[in-house]
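Visitor: Following the hints, put chain B in place on chain A, whose structure we already have.
There are 2 protein chains.
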Amino acid sequence: MDEIGAVAVVGCGTVGASWAALFLAHGIDVSAWDPATGFADRLQASVDLARAQLAELGLTGAGRLCTHADLEAALAGVGFVQENAPEDEGLKRGLLARIDASLPADILIASSTSAMLRSRIVADCRRPERVLVAHPFNPPHLVPLVEIVAGGETAAERAAAIYARLGRRPVILRREMPGHIANRLASALYREAVNLVAEGVASVADIDAALCNGPGLRWSAMGPHMTYHLGGGAGGIRHYLDHLGPSQELRWASLGTPRLTDTVKAAIVAGVEAEAAGRTVAELEARRDRALIEVLKARTEVAGR
Amino acid sequence: MDEIGAVAVVGCGTVGASWAALFLAHGIDVSAWDPATGFADRLQASVDLARAQLAELGLTGAGRLCTHADLEAALAGVGFVQENAPEDEGLKRGLLARIDASLPADILIASSTSAMLRSRIVADCRRPERVLVAHPFNPPHLVPLVEIVAGGETAAERAAAIYARLGRRPVILRREMPGHIANRLASALYREAVNLVAEGVASVADIDAALCNGPGLRWSAMGPHMTYHLGGGAGGIRHYLDHLGPSQELRWASLGTPRLTDTVKAAIVAGVEAEAAGRTVAELEARRDRALIEVLKARTEVAGR
Numbered sequence: 001m002d003e004i005g006a007v008a009v010v011g012c013g014t015v016g017a018s019w020a021a022l023f024l025a026h027g028i029d030v031s032a033w034d035p036a037t038g039f040a041d042r043l044q045a046s047v048d049l050a051r052a053q054l055a056e057l058g059l060t061g062a063g064r065l066c067t068h069a070d071l072e073a074a075l076a077g078v079g080f081v082q083e084n085a086p087e088d089e090g091l092k093r094g095l096l097a098r099i100d101a102s103l104p105a106d107i108l109i110a111s112s113t114s115a116m117l118r119s120r121i122v123a124d125c126r127r128p129e130r131v132l133v134a135h136p137f138n139p140p141h142l143v144p145l146v147e148i149v150a151g152g153e154t155a156a157e158r159a160a161a162i163y164a165r166l167g168r169r170p171v172i173l174r175r176e177m178p179g180h181i182a183n184r185l186a187s188a189l190y191r192e193a194v195n196l197v198a199e200g201v202a203s204v205a206d207i208d209a210a211l212c213n214g215p216g217l218r219w220s221a222m223g224p225h226m227t228y229h230l231g232g233g234a235g236g237i238r239h240y241l242d243h244l245g246p247s248q249e250l251r252w253a254s255l256g257t258p259r260l261t262d263t264v265k266a267a268i269v270a271g272v273e274a275e276a277a278g279r280t281v282a283e284l285e286a287r288r289d290r291a292l293i294e295v296l297k298a299r300t301e302v303a304g305r
Numbered sequence: 001m002d003e004i005g006a007v008a009v010v011g012c013g014t015v016g017a018s019w020a021a022l023f024l025a026h027g028i029d030v031s032a033w034d035p036a037t038g039f040a041d042r043l044q045a046s047v048d049l050a051r052a053q054l055a056e057l058g059l060t061g062a063g064r065l066c067t068h069a070d071l072e073a074a075l076a077g078v079g080f081v082q083e084n085a086p087e088d089e090g091l092k093r094g095l096l097a098r099i100d101a102s103l104p105a106d107i108l109i110a111s112s113t114s115a116m117l118r119s120r121i122v123a124d125c126r127r128p129e130r131v132l133v134a135h136p137f138n139p140p141h142l143v144p145l146v147e148i149v150a151g152g153e154t155a156a157e158r159a160a161a162i163y164a165r166l167g168r169r170p171v172i173l174r175r176e177m178p179g180h181i182a183n184r185l186a187s188a189l190y191r192e193a194v195n196l197v198a199e200g201v202a203s204v205a206d207i208d209a210a211l212c213n214g215p216g217l218r219w220s221a222m223g224p225h226m227t228y229h230l231g232g233g234a235g236g237i238r239h240y241l242d243h244l245g246p247s248q249e250l251r252w253a254s255l256g257t258p259r260l261t262d263t264v265k266a267a268i269v270a271g272v273e274a275e276a277a278g279r280t281v282a283e284l285e286a287r288r289d290r291a292l293i294e295v296l297k298a299r300t301e302v303a304g305r
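Residue numbers (UniProt numbering), protein chains in the order written: chain A, 1 to 305; chain B, 1 to 305.
If we strip away everything but chain A, and leave its shape as in the complex, we get:
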């Protein structure tokens, strides 16, 4: 088990600030770097907000936050790195190579990248085997998923153990895939959600409501494979696939392949504006976070029984 000591958070936008808050709330010191001038104040403000939310979940650790104007200074003495630079392949490649060059060989370097393949962004590292993807879901301090793509089993399992101790649910990919797992699932669902708007089947607000009062609600408790296992009754997934597999394949063939034309985009924008009903993005975010916190508390309740 790695004793990570302090963690370097490299890149302190929304995702980096959220990670920093999570480490701090678990009593881990954070050494933060970002190229933007004046980032320290913005980071502190975001961390304070996220820490107030984490305190509601009982996470009140006393990690200390230090900010640095120099990357190498931020890396000195840390036992783990979480990189959250913008999604620019060249930038990430260079940054990871620089981090790799300044750290002892046994320290893991994790990238939060959502859109990039690990094999591409580690290309300039001298020790790529300790550089991995650890992709969180927004907002990372609340949503437990961390998708891990590593160069080998050892690094994957060392990283998974670190995230598990932070109350995360690490998921290890056996091979890299654009969009990892969760964003591919989300994208597949969104294609049909857009199709239903394009086909005029229901309003944007009703399509959203159908998901979060139906399958979305259920998927907060149980994944899709297990859901169909229950759908198969006493015979489980085997019965489901034998009897309803053909209907699934027919349904798949009937799904839409919409394009985001100007007309479709305009319909989505108008529909989302109607659904938002004047609430700002910040207000909607606060509402989402409130809902996530209550669901996470509910999970603790379920686990405690």
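Check the hints yourself; a few may be wrong.
One copy or two, either will do: identical chains are not told apart, so a pair holds if it fits within one copy or between any two.
[To be verified] When the alpha-carbon atoms are kept at most 20 angstroms apart in a straight line, the in silico SDA-like pairs for lysine to any residue are as follows:
{"no.": "1", "residue 1": "Lys265", "residue 2": "Arg299"}
{"no.": "2", "residue 1": "Lys297", "residue 2": "Glu56"}
{"no.": "3", "residue 1": "Lys297", "residue 2": "Leu57"}
{"no.": "4", "residue 1": "Lys265", "residue 2": "Ala282"}
Treat the hints as calculated values from the structure; they're not laboratory data.
Guide: Using the frame of chain A, we list chain B on its own:
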């Protein structure tokens, strides 16, 4: 506003029993019919179980349950019908026509059908305009979504008002679509979940975990369109679609189109068995229901703030 008085529950399998429990817990009398001999005892047992769960949500109404061996006797004097027969088009057509023939013209008749189109199953009704689809999600007494497909706006809105008073979230389809909304979204997501198994990207258990600790968790709070609205930052969905729409379209093009071959089915079955880890379907159902009840309680908490 319709005063529905007593409700006839026609077809008393899992879905019918769940509906019956929901009506009863809201203080509405239920008149139940099923062609199976001895259905009354099984129904009572299922209703008792569901009512115990509803009581945890504060729903303890004193509706009375009567069972009937004769359909027309069950329909006498009711103000609303919820039909839950097996998914057999001929059977449903005949049954709905028989219900339609025995009830006054202003009484709504709702079918729980998941797989059938309204236009087909009302074909033999003399007053099809009062016959509609009202599709719930399993288990209907806990999951709020009801998808409504009606022959016109009046019937759709009358039915929506009835379900809203039962604490449901009715969603009105502007036109019928195989699988309605939610099962199409679920099916689109499942296609990619199967693809990830077929491609060996991760275990079944990890794919399930990725959903319910990531986007599934978030979708219990907010639908996909609104999620991307937040993903667009201060610029919202318009900014998201303009800047990341092209990446969505690229991702859509990269999604898999798996087939449920014997090999793929075997991999899913083995993966689900590993995930179930010896727990029976009944045990997994109880765990899902416990999780749903806690999330629903959490929602009340959020709404109360």
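Visitor: Can you give me the call for Lys265 and Arg299, within, between, both or neither, at a CA distance of at most 20 angstroms?
Guide: Close neither inside one copy (36 angstroms) nor across copies (31 angstroms); limit 20 angstroms.
Visitor: Is it within a copy, between copies, both, or neither that the alpha carbon of Lys297 lies no farther than 20 angstroms from that of Glu56?
Guide: Result: close both inside a copy and across copies, 9 angstroms intra and 17 angstroms inter.
Visitor: At most 20 angstroms between alpha carbons: which applies to Lys265 and Ala282, within, between, both or neither?
Guide: Neither, since 22 angstroms and 44 angstroms both go past 20 angstroms.
Visitor: For Lys297 and Leu57, with the copy left unspecified, which applies at a CA distance of at most 20 angstroms: within, between, both, or neither?
Guide: Close inside one copy (7 angstroms) and across copies (17 angstroms); limit 20 angstroms.
Hint violations for this structure: numbers 1, 4, all remaining hints satisfied.
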